[in-house]
Each structure stands twice: as C-alpha cells, then as structure tokens.
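Chain A is already provided as a structure; the job is to place chain B on it using the hints.
As they're listed, the protein sequences go chains A and B.
As numbered in the numbering used here, residues 1 to 417 make up the first sequence, in order.
As numbered in the numbering used here, residues 1 to 387 make up the second sequence, in order.
Don't take each hint at face value.
What the hints assert, rightly or not - A short, non-exhaustive set of chain A residues, derived as facing chain B with CB atoms under 8 Å: (1) Thr-62; (2) Asp-100; (3) Ala-109; (4) Lys-114; (5) Asn-118; (6) Ser-130; (7) Leu-137; (8) Leu-156; (9) Tyr-196; (10) Pro-224.
Unchecked claim - Stretch-level coverage of chain B by chain A, calculated; a stretch enters the list once three of its residues show a Cβ under 8 Å from a Cβ in chain A: (11) 161 to 172; (12) 177 to 184; (13) 272 to 285; (14) 312 to 325.
No wet-lab data here; the hints were simulated from the structure.
For glycine and all other residues, C-beta sits at the position ideal for the given N, C-alpha and C.
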Amino acid sequence: MKRLKDLIDHRLSRRSVLSGTAAAAMLATASTFAPAFADDVNTTGLAVTDDTVKVGILHSVTGTMAISETGSVQAEKLAIEQINAMGGVLGRKIEYIQEDGASDWPTFAEKAKKLLVNDKVAAVFGCWTSASRKAVLPVFEQYNGMLYYPTFYEGLEQSPNVIYTGQEATQQIIAGIDWVAKEKGAKSFYLLGSDYIWPRTSNKIARKHIEKLGLKVVGEEYYPLGHTQFNSVINKIKLKKPDVIYAIVVGGSNVAFYKQLKAAGIDMTKEKPLLLTISVTEDEIRGIGGENIEGAYAAMKYFQSLDNENNAEFVKSFKEMWGDDIVIGDVTQAAYLGPWLWKAAVEKAGSFDIDKVRLASPGIELTTAPEGYVRVHENHHLWSKTRIGLAKPDGQYELVYETTDLMEPDPFPEGYQ
Amino acid sequence: MTHVKSLLSRQELIGLLVVAALIFVVMPLSMDIFRLNLFGKYLTYAFVAIGLVLCWGKGGILSLGQGVFFGLGGYCMAMYLKLEASTPEATAIQSTPGIPDFMDWNQITSLPWFWEPFNSLTFTLLAILVIPTLFAFVIGAAMFKRRVGGVYFAIITQAIAAILTILIIGQQGYTGGVNGITDLRTLKGWDIRTDEAKYVLYYVNGGLLIAVLLLSQFVLKSKLGRLLVAVRDKEDRVRFSGYDVSNIKIFVFCFAAVLSAIGGAMFTLQVGFMSPSFVGIVPSIEMVIFCAVGGRLSIFGAVYGTLLVNWAKTTFSEIFPELWLFGLGGLFIAVVLVFPNGLSGLYRSYLAPLVDRLISRGGSSYPPEPASPPPDLDGEANAKPAE
Chain A
1 MKRLKDLIDH RLSRRSVLSG TAAAAMLATA STFAPAFADD VNTTGLAVTD DTVKVGILHS
61 VTGTMAISET GSVQAEKLAI EQINAMGGVL GRKIEYIQED GASDWPTFAE KAKKLLVNDK
121 VAAVFGCWTS ASRKAVLPVF EQYNGMLYYP TFYEGLEQSP NVIYTGQEAT QQIIAGIDWV
181 AKEKGAKSFY LLGSDYIWPR TSNKIARKHI EKLGLKVVGE EYYPLGHTQF NSVINKIKLK
241 KPDVIYAIVV GGSNVAFYKQ LKAAGIDMTK EKPLLLTISV TEDEIRGIGG ENIEGAYAAM
301 KYFQSLDNEN NAEFVKSFKE MWGDDIVIGD VTQAAYLGPW LWKAAVEKAG SFDIDKVRLA
361 SPGIELTTAP EGYVRVHENH HLWSKTRIGL AKPDGQYELV YETTDLMEPD PFPEGYQ
Chain B
1 MTHVKSLLSR QELIGLLVVA ALIFVVMPLS MDIFRLNLFG KYLTYAFVAI GLVLCWGKGG
61 ILSLGQGVFF GLGGYCMAMY LKLEASTPEA TAIQSTPGIP DFMDWNQITS LPWFWEPFNS
121 LTFTLLAILV IPTLFAFVIG AAMFKRRVGG VYFAIITQAI AAILTILIIG QQGYTGGVNG
181 ITDLRTLKGW DIRTDEAKYV LYYVNGGLLI AVLLLSQFVL KSKLGRLLVA VRDKEDRVRF
241 SGYDVSNIKI FVFCFAAVLS AIGGAMFTLQ VGFMSPSFVG IVPSIEMVIF CAVGGRLSIF
301 GAVYGTLLVN WAKTTFSEIF PELWLFGLGG LFIAVVLVFP NGLSGLYRSY LAPLVDRLIS
361 RGGSSYPPEP ASPPPDLDGE ANAKPAE
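The following block holds chain A by itself, in its conformation from the complex:
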C-alpha cells in the first residue's frame, strides 16, 4: 500500500511541476533522456537515486587470472568514465562497486550475490573464465540481475540474465577454418588445447566443420591447465606434418608451448605448417614474446591494430587512462562494449528495471564500437565480424582478412545442443 501511495505522490508531484511554467521551459529543452524520478525508472528497488546509479565490476584482480582480467577491469572503468563525462545513463552518473573474484569460482558466486542482494546494483560487468560464469549464473538467475560477460567462450548457453559481448565458439572457429582452407589450401589439421570445456567444445566444432569441408584431422590432444611440457605433442606434429596446427592453449601454458615450438624448429613464418589460434590475444603475446609467435594466425573479432576511427579514439583514450605501454586484446575490447550496451538498452527501455532492460536489449546497435558495428541478437550474443590477424614480432597482429558480413551468433550449433 505504501508503495502505491508513493507512486501516486510522485505522479502528483510531477504533474504539479509540469503544470508550472518552469516545466514548460524544461520540456522544451529536455532531451529524450531527461532525468525522471527515481521511482519511475526503477520499480524494483535497485540502487538508483535521482542522480546516480550503482553498477558492479566483478573480475579477478588477484590470483592467476588477474593478468588476463585486469584489461577488462580497465576497459570497463574507461567506458564508465566516458559515459559519465557524456552525462551518464538516463541523466544519472554511474558509480561502480568493484569486487575481487580472486580467481576462485566460489568467491565469484559470493561476490555476485553481495552485489545483487546487498548493493542492489543495476548491472554487473564481469567474469572471464567459463567456470566463473557458471558459478555466478544461478545467482544472477535467482536474484534477477544482469551480467555483461566479455570473453569469447564455448557457447551452449543462453541465459536471460547475461549479455555475451564476446564471440561464442562458432563465430570464431568457422570463419577461421574456411579462411585457411580457401586461402592457404590447408588439407590437414592437428587440434590441441588446454583440458577444459572451452577448448574441448571448440575443437569439436572445429573437427565437425573440417570434416564437413572434406578435410582431415590428423590428431587431437589436451593438456591440463598450467601444463608446460609440450615436447611430446611437438614431436607428433613433426611426424604427422599437418598443414595447420589448431591451438587453443590458454594462460601461462602458452609461453611454454610457443617457445618449445620455436626451439623444436617449427618455423611459423614458413608456409607450412601454419598455426591458427583462437586463444592468444595481444595480452598473451606480452608473456609469450612477439619473436616466439611471429607468423602465427589468430581468429577473433578485434585486434589493437584495427584501422578505423572508433578504434583510434579507443586506443588513444585507453592509453591516456592506463599508460602508454599497455596492450589491448580481444576480450578487453569486448569488456569495453558492456557498459555502452547497457546504457543503450536502459535508455531504449527508459528504465533501469532488469526485465525492461532485457526486453530492450535485442536489436541494440553500437556504431561506435572499436571493432566496428555490433548488434545484439535475440539470443543475447553479438553479431560481429570475425577477423584473421598475423602475429608480428612487435607483439601486434596485422589484419589479413575480415568477413564481409557480420557472423550470426549460434550458441547451440546443430548436433551440440
């Protein structure tokens, strides 16, 4: 009853203001997103006041994942700062509450719950690994929160409470394999990866597509996370002589893998074997060393070297905020999209309510994205282009190919659901 009364009070007070002359002037100058009363844009008790709105940032800033997730935190903070400089969301400045997931999945769940239940944030930007996303997912679904998840991942998921701003597996894989088959005449592939769900699922999609094209998979191997001895697989590769080494090794293992590959005399700058990866961004190359991975190809949606106005502006402001020697990888860019997509959805909905933001999300477009144009699909993933980059000794990728059309996200590819 009290709630109803408040509502009526607000409506009344708004009407009485509107009837005044001041209101007429306000109406004349107001933009479409004029500040409305907090209760009107927030009927579910989120942390929204008349001039601020709280959001959460939930990444690992300590532990083994910190090295990967720091870029995402920086990108999200940059986006929030830029949005605030433009006047905020629905006239409200964004205040963020940062929590540390500590590279520990249960901690992610605990902190997600804290953000949603205690802090009542209107959106959360966060998570990196699939494991952390799986840990927080039930929390977001139970307490009806909204998560913007930046990492390329294995798909097989579509939650009403998550917007996936990275690519799902088919987007990354299919265009890449088509390209090596067509442009490089590749006939045989050796698949390898770290042993968890993303590389395994990705390689399954890859194998299926390779076989569909009438080409051959000559080997498939997995190594535990953190594994550093790749000599045996390198010997097998030398024996089988595949045209393409398809590598989905993640994290610190990358450093050992590429160094050992080079030491074993496999020269990726030569025509064969060529190496195609979907897991090494500019961030990882910093650890691997540009000279060790020179000549490898990566299939993803963003490279720091992309030559367009949006990206030039983005790289410039990123370096202004976080220092000149910083590199920006695919996931960092995807994390940067999160706050902007949320802002667009909130303003389209005219409300911070999670349910309304969810309804408003499909169809949201960003023309200012550093990667170019992106659009939210009904399945909460993004339409985006897939690009192939060639690794150079300075640690950057050189764009060698991009799909002409946006790739449709397909988190449940035929035969995998």
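Chain B only, in chain A's frame:
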C-alpha cells in the same frame, strides 16, 4: 550433572555455551540473510578445522589434504542435488534430456553407472559418511601400518589432493571438470535457494557443529584421547606399552575425514555448488591455517579461527579489492610471530584466569573442582609443537 562434568570442564562448558550463543542467537539477530548465509559457509570450514585439531593438534598427524574429504562429502551431496535438478523437463533443451547439463556438453548420452545410486537420498547421506571414511582408512592403513609419519605423511596427503583435483578436472564429462557441479536447486522438492531454506540450513549446520564439538570432546576425554596425545609426544613409549599406535592414528585420521565430509556436504547445500577448487592443495593448506589461527590445540579455538580468517578475507576483499591479500598475509604473520598458540592461546594466557576468578567469586552452581585443574590444558599449551 556428573556426565556433563566428566565430559566438559567448567571452562569448556562456558566455551561451548559461548559458541552456541554466537551461532544461534547473536549472529541471526545481527545479520541479514546474505551475511548469515556467508557465516554459515564459514562454519562449514570449522568442521574441517575441528578435525584438524584432533588429527594434528592432539595426534601430531599433519594432513595437508583435508580438502580431499571436504570435497568428497561436497561432491556426494552435489551429485544428488544435480540429479534432482536434471529432470527431463528441466533439461529438455539438451540432446539427451534427463542427464546433468555438463555431461550433455561432453557428448555423454547416458548416466554413468556410478551416478545412478545418487538418485537416492539415503544412499547419498550414507555415502557422505562412508566414502571419505573408507578413503581415509585406505590411506591411513597404507601409511601408518608402515610407520610413515611426519613430513612424509604431509607430503603424501598433499599429493593425494593434487591427484584428486587433476582427476576431477580431467574427467569433466563425469565430474563437471573445472567448472564443478553448479546450479543446484532443490532437495526432495524443497527449494534450497530461498531465504527460509537458508535459515533452516544455517540452523541445521549450527546444530551439527555443536554435535560435532561434543563428539570431539567426548573422544578427547576418553582413554583414546589420552593415548592420542601420548602418541604425539612419545610414540615409541606408547608402542612399547603394548598399544597399536597405527590403529590409533588411523582412527583419528578417519574421524577427521568424516568431520570434513560433513562440512563439505553442508557447504554444498548452503552455497549451491561444488567445484575442484575446494579439493586441491591451496584450500587444504588454507584449512590448516584456520586451525592454526584458532590455536591447534583447542576445538573451540578452531571454530573462532575459521570464523576470523574467513571474515577477514571477505571484509578485506570488499574494502580493498586489489590489496586484500596483503592484509590477510599480515594476519598470518601476526599469528605466527605474536601469538603462536593462536586465539585459544591468547584466551588461555589472558582471559581464562580472569573468567575463572569471576566464576569462583560469583559462586557457581557447580561444586569446586577437585584439587588439580583440567590437567591437559596447561600441559598442552607448553607442549612442544608437533611436527
């Protein structure tokens, strides 16, 4: 009355009442359900810490693999809950409806045989108690019968923790891999995610903890408890007196394992998922730290130590998301440098005499203790640290 007296000294009775009051009155009144649920989660670690007090503090057997048993208990519970959550209706989107989602992702098309029995709650509850015990028995028998002890034992338990983690992660089609078993919903149709359920589970957890404290106290006060301390301090003498030292050690190791497993099962119920990050080396060592901060000789101290460390972890990390590990590190260094006997050591040297004086002045309802004070308290506080 005499029963109570023989089981608990006056000091210990007060300790127990304070813990009970804290769990059942103070915390529920002073916290909202979110914090209380967190507090409940901390309490599940206390089960492990109590087990470690018996095993390490009293028995001198340092196990760096208690996470294994915590995990086994937790996984048993999680398997049951996951099966209940994976009804054909709820998983209709999968290519094989009716099996857990992670199996479907890994192209497994039927429920593996060892998952089948976990459809039964009775079996699950038994499994939570029996599987860790059996596992601990096998490890214990293999080690202690051969007189492997001390550092070697610690290293082997650590290796087992590492092996089990790798096994779980590697067999992701059967175990959920590094993601663990997530998205658990109901227990016999009762939604464990609601606030009421969280209150109920919290109290069940608290009740179990008190029961476990009493049970542990009972073991310590028994002849077996005395033998345990004797084994720690002079193993050979116990052996020469005609006791089978290895059996005593196996018993206490199994006992600690069961306690950990109960904690693990309660953890799964309250947190709603289980993952290999509770099984490995790091969590196992963390559990030893809880015990050390509390003071490894006191079962009550273990409870407080667990609560203090976890509370500090949560609070520091909320206030300083990027620096909190330093705060926690500082706490551990302080414990080692300033009060090596942990919280219970502090209590014994400063608070206990005061409390004692207060009680005797106030005239308690108990008759005064016979001449000797609780014998093992002072003796143990000065005992040389076990390996």
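Next on the checklist: Is the interface hint satisfied for Leu-156 of chain A? The criterion is a beta-carbon contact with chain B at less than 8 Å.
Outcome noted: holds, 5 Å
Item to check | Proposed interface contact between Pro-224 of chain A and chain B, which counts if any beta carbon pair is under 8 Å | outcome: Given a least distance of 6 Å, the restraint on Pro-224 of chain A holds.
Item to check | Interface hint compliance - Asn-118 of chain A to chain B, C-beta minimum distance less than 8 Å | outcome: holds, 6 Å
Item to check | Coverage claim, chain A over the segment 272 to 285 of chain B, checked by counting residues with Cβ within 8 Å (three needed) | outcome: holds (count 5)
Checklist entry - How does the coverage statement for the segment 312 to 325 of chain B fare against chain A, requiring three or more residues with Cβ below 8 Å from a Cβ of that chain? => result That given contact holds, which follows from 7 residues of the segment 312 to 325 of chain B lying within Cβ reach (below 8 Å) of chain A.
Next on the checklist: Leu-137 of chain A was flagged as interface toward chain B. Is the shortest Cβ-Cβ separation under 8 Å?
Outcome noted: holds, 7 Å
Checklist entry - Per the coverage rule (Cβ-Cβ under 8 Å, at least three residues), is the segment 161 to 172 of chain B covered by chain A? => result With 4 residues close enough to chain A, the hint holds.
Next on the checklist: Hint validation: Ser-130 of chain A versus chain B, beta carbon distance must be below 8 Å. Holds or violated?
Outcome noted: holds, 6 Å
Checklist entry - Can Lys-114 of chain A be said to touch chain B, with a Cβ gap under 8 Å? => result Because about 7 Å separates Lys-114 of chain A from the closest Cβ in chain B, which is inside the 8 Å limit, the hint holds.
Next on the checklist: Holds or violated: the hint that Asp-100 of chain A contacts chain B, with Cβ atoms closer than 8 Å.
Outcome noted: holds, 4 Å
Next on the checklist: Thr-62 of chain A was flagged as interface toward chain B. Is the shortest Cβ-Cβ separation under 8 Å?
Outcome noted: holds, 5 Å
Checklist entry - Going by Cβ atoms only, is Ala-109 of chain A closer than 8 Å to chain B? => result holds, 7 Å
Taken one by one, the earlier hints all hold for this structure without exception.
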